[in-house]
Amino acid sequence: MVNRYRGEVALMVEGRARPMRLTLGALAELEHAFAVEDLPALGERFA
Numbered sequence: 073m074v075n076r077y078r079g080e081v082a083l084m085v086e087g088r089a090r091p092m093r094l095t096l097g098a099l100a101e102l103e104h105a106f107a108v109e110d111l112p113a114l115g116e117r118f119a
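The sequence shown maps to residues 73 to 119 in the numbering used here.
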């Protein structure tokens with residue numbers, strides 16, 4: 073079961089729903105991996 077108020081979404085793995093959410097640490101790792109300075113720049117990379 074996911075908690076939408078926490079920003080969770082369900083990821084189906086082998087027929088079972090797993091709750092997932094983006095943390096600040098994961099966001100920082102994405103910014104580092106894509107060599108961008110901030111969130112808007114990261115959004116442009118995915119647009």
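Just so you know, the hints here were simulated from the structure itself, not pulled from any lab data.
Be a bit skeptical, because a hint or two may be false.
[Claimed, not checked] Pairwise CB distance ranges, derived in the manner of DEER restraints: (1) Met73 / Glu109: 20 to 28 angstroms; (2) Gly115 / Arg76: 19 to 27 angstroms; (3) Met73 / Ala113: 29 to 37 angstroms; (4) Ala119 / Leu83: 35 to 43 angstroms; (5) Val85 / Ala105: 36 to 44 angstroms; (6) Glu80 / Glu101: 33 to 41 angstroms.
All values reported here derive from a predicted model rather than from experimental measurement.
All residues carry an ideal CB built from backbone N, CA and C; glycine is no exception.
Which numbered hints does this structure break? Of the numbered hints given earlier, those the structure breaks are 1, 4, 5 and 6, listed in rising order.
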